[in-house]
Amino acid sequence: DAKTTQPPSMDCAEGRAANLPCNHSTISGNEYVYWYRQIHSQGPQYIIHGLKNNETNEMASLIITEDRKSSTLILPHATLRDTAVYYCIVRVAEDSGGSNYKLTFGKGTLLTVNP
Amino acid sequence: SAVISQKPSRDICQRGTSLTIQCQVDSQVTMMFWYRQQPGQSLTLIATANQGSEATYESGFVIDKFPISRPNLTFSTLTVSNMSPEDSSIYLCSVRGLAVEQYFGPGTRLTVT
Numbered sequence: 043d044a045k046t047t048q049p050p051s052m053d054c055a056e057g058r059a060a061n062l063p064c065n066h067s068t069i070s071g072n073e074y075v076y077w078y079r080q081i082h083s084q085g086p087q088y089i090i091h092g093l094k095n096n097e098t099n100e101m102a103s104l105i106i107t108e109d110r111k112s113s114t115l116i117l118p119h120a121t122l123r124d125t126a127v128y129y130c131i132v133r134v135a136e137d138s139g140g141s142n143y144k145l146t147f148g149k150g151t152l153l154t155v156n157p
Numbered sequence: 025s026a027v028i029s030q031k032p033s034r035d036i037c038q039r040g041t042s043l044t045i046q047c048q049v050d051s052q053v054t055m056m057f058w059y060r061q062q063p064g065q066s067l068t069l070i071a072t073a074n075q076g077s078e079a080t081y082e083s084g085f086v087i088d089k090f091p092i093s094r095p096n097l098t099f100s101t102l103t104v105s106n107m108s109p110e111d112s113s114i115y116l117c118s119v120r121g122l123a124v125e126q127y128f129g130p131g132t133r134l135t136v137t
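Chains as they are written, first to last, in this note's numbering: chain A, 43 to 157; chain B, 25 to 137.
These are calculated hints, taken from the structure and not from any lab test. Be aware that one or more of the hints could be misleading.
[Stated by the list, open to error] Ranges of calculated distance between the beta carbons of each label pair, as one might list FRET restraints:
hint: 1; chain 1: A; residue 1: 70; chain 2: B; residue 2: 87; range: 51 to 57 Å
hint: 2; chain 1: B; residue 1: 48; chain 2: A; residue 2: 72; range: 30 to 36 Å
hint: 3; chain 1: A; residue 1: 114; chain 2: B; residue 2: 66; range: 18 to 24 Å
Cβ coordinates follow ideal geometry from the N, Cα and C atoms, glycine included.
Let the hints inform the model, and build the full structure from the sequences given.
If you want it as structure tokens, here you go:
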């Protein structure tokens with residue numbers, strides 16, 4: 043399984059961009075990078091995922107380096123409600139088709155957005 | 025996205041007893057998962073529950089301790105059997121359909137005294 047490394051905690055000022063790094067140097071060519079977050083006392087929430095190209099949706103942007111060994115999740119305008127633990131996950135494929143993969147969670151990064 | 029509900033949302037149980045947690049999804053899904061989150065820790069996958077077949081358990085988890093049912097494509101139960109204080113955790117149901125996203129329920133907070 044490709045493992046991920048994230049800083050244990052980060053701070054960000056409200057209204058500024060939050061850039062959360064993730065290292066996944068052992069990622070395989072057919073493994074995706076997923077990002078989830080868990081706000082206190084809630085279940086994890088899907089944010090975004092990508093394979094090679096940068097991705098953007100209504101919540102965030104995902105920047106993946108060309109060698110795919112690291113990625114950055116960007117919250118463009120952080121709010122107090124974005125305070126949460128953010129998990130970077132490399133998808134583990136159970137079969138060659140990748141349809142039965144399991145998500146394995148690491149420790150994540152606690153992002154604290156300050157007023 | 026799928027809307028997932030869990031019952032109960034929380035419970036306090038005595039050691040040696042069992043608790044069954046229910047997970048209901050508002051749409052049919054292919055795969056359902058049960059996770060455990062111990063206090064201050066990350067999520068750990070307990071098992072994958074598939075309709076029409078037995079659940080697949082991860083290393084360290086056994087069917088006798090965590091029996092799982094999956095009677096249809098929208099419902100599953102997880103039983104925590106013969107509980108001890110070490111079983112105090114948040115138990116989360118998660119689902120995945122045809123889309124690549126995986127969704128999580130709100131969790132069941134279990135305290136064993």
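Status of the hints after comparison with the structure:
no., hint, result
1, A:70 x B:87: 51 to 57 Å, "violated (31 Å)"
2, B:48 x A:72: 30 to 36 Å, "holds (34 Å)"
3, A:114 x B:66: 18 to 24 Å, "holds (21 Å)"
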